[in-house]
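Order-wise, the sequence lines are chains X and E.
Okay, so the first sequence: first residue is 0 according to numbering that gives the first Met the number 0, each after it adds one.
Okay, so the second sequence: first residue is 0 according to numbering that gives the first Met the number 0, each after it adds one.
Just to be clear, a hint being listed does not mean it is correct.
To be verified - Selected chain X positions facing chain E (Cβ under 10 Å, derived; list incomplete):
(1) GLN28
(2) TYR48
(3) PHE63
(4) ARG130
(5) TYR147
(6) LEU210
(7) LEU215
(8) GLY216
(9) TRP229
Derived from the structure by calculation, the hints contain no laboratory data.
The C-beta atom is built at its ideal place from N, Cα and C for all residues, glycine as well.
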Amino acid sequence: MAEHHVGTEEEWLAARKELLAEEKEHMRQADELARRRRELPWVPVTKEYSFETGEGTKSLAELFDGRSQLLVYHFMMGFGYRVTEEVPGCTGCSFVADHFDGVQPHLNGHDVTLVAESIVPLEEINAYRDRMAWGFPWVSSLGSDFKYDFGAAFTEEQQENGAEFNYRHVDHPEPQREGLSVFALQDGVVHHTYSTYNRGVEALMGTFQYLDRSPLGRDPDGPGTGGSWWRRHDEY
Amino acid sequence: MPDHRVVTREEWRTEREKLLAEEKELTRRGDELTKKRQELPWVKVETEYSFETKDGTKSLADLFDGRSQLMIYHFMFGPTYETGCPVCSSIADSLTGQVAHLGARDTTLICSSRGPLEKLLAFRDRMGWEFDWVSAETDFHRDLGYFSTEEELKPWLESGNIPATVTQNAEMCGTDVAGYVAEGPGLSVFALDGGDVYGTYTSTARGLEGPAMSYYQLLDRTPAGRNESPDEPLWVRYHDEY
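Using the sequences and the hints given, assemble the complete structure.
What follows is the structure, encoded as structure tokens:
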């Protein structure tokens with residue numbers, strides 16, 4: 000067990016109240032950042048992207064599925080991503096995706112569609128999705144520049160000569176990275192409003208936030224160092 | 000949709016990068032708070048609580064189910080409710096996908112309510128949930144601060160300032176406002192060490208948003224945001240009633 004000292008109810012309460020004040024301050028900072036995000040300008044998406052879905056080929060505008068906001072999770076699978084045939088999807092992304100089905104109905108009820116995309120054939124996506132028993136929409140962006148244009152996949156040339164990942168230059172980016180991109184549909188035009196990568200996708204992961212409230216914490220060496228204990232949910 | 004500027008990719012990127020620096024600062028600050036939480040003292044639980052579960056009556060130590068950490072979500076489902084609180088239900092919707100990962104980190108996460116076990120399990124079936132849900136005696140919720148008596152609530156109930164969301168949620172649960180607000184939502188964390196149970200942390204209200212309501216974290220990344228008003232009832236419904 001984690002190191003700790005045992006105190007009285009009064010000692011605990013005093014320490015807890017002190018911490019609560021800091022938690023509230025942190026939350027206000029997060030509220031302020033959410034406000035700032037809403038003030039970000041929008042960029043019209045002029046390029047045509049097409050996706051293979053369970054209901055045929057769709058455009059980016061069609062992925063909104065009748066709603067005005069779209070979240071696209073860049074799920075690492077396939078091309079350049081070193082996995083065996085038995086374990087085709089990224090372990091970390093699979094962990095992230097375990098959080099999708101629970102929030103999906105609530106997001107949909109609040110004018111937001113959540114979709115995952117990967118650059119592999121749709122049949123491979125469907126087979127893995129069945130194994131993991133997920134229900135969220137997951138489309139194939141194979142053959143389109145979508146994942147590259149939104150900063151979650153890198154060409155061989157970029158892997159060799161460098162590219163921008165998470166808004167800074169990286170000398171040798173990995174073939175794929177995790178990320179979340181946000182789009183808005185207004186008057187028939189799709190706009191890109193936001194993308195986040197790396198620890199930015201932790202916002203999706205309630206599990207980390209739960210563990211951050213426990214004595215053991217989320218990772219043996221502290222937040223952001225993790226990965227060693229993660230498995231697919233059917234592999235623990 | 001909110002008012003917004005439309006710009007070139009380069010202009011957007013400059014603003015986005017600035018915001019990223021602040022997002023990183025917020026993440027680091029969150030990491031510091033996690034460390035501080037881990038430094039909280041533990042308090043030995045001396046009261047013997049008992050819980051009705053699908054496997055019979057259990058003690059608090061039994062609920063750890065072989066792991067060293069126990070998280071209990073105090074799910075608002077009181078004896079007068081017919082169905083669970085819709086907001087607690089939206090929280091519970093995410094648990095099924097998380098329990099395997101929490102288990103791998105030596106943590107058991109369950110829900111506890113004061114309502115009778117039969118009602119809890121029937122509602123769990125309707126919602127298609129798989130996590131464990133126990134029925135607790137009143138003292139357990141009371142001692143942790145998640146049950147209030149009618150007498151304590153009287154001044155508030157008679158104030159005439161009942162938010163529309165509370166009235167709406169009480170109706171959705173098939174109870175009245177007094178019955179609804181007797182229960183409180185919360186997350187309590189316990190550790191088991193040397194056979195003794197210790198309370199380490201508890202959190203309520205907006206403190207639940209980070210771990211339990213990821214949909215808010217996602218809405219906080221959309222242009223329209225949470226899109227809620229204090230004058231209107233909350234938009235959250237049971238997942239099978241949208």
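Of the numbered hints stated previously, which ones are contradicted by the structure, given in increasing order?
2, 3, 4 and 5
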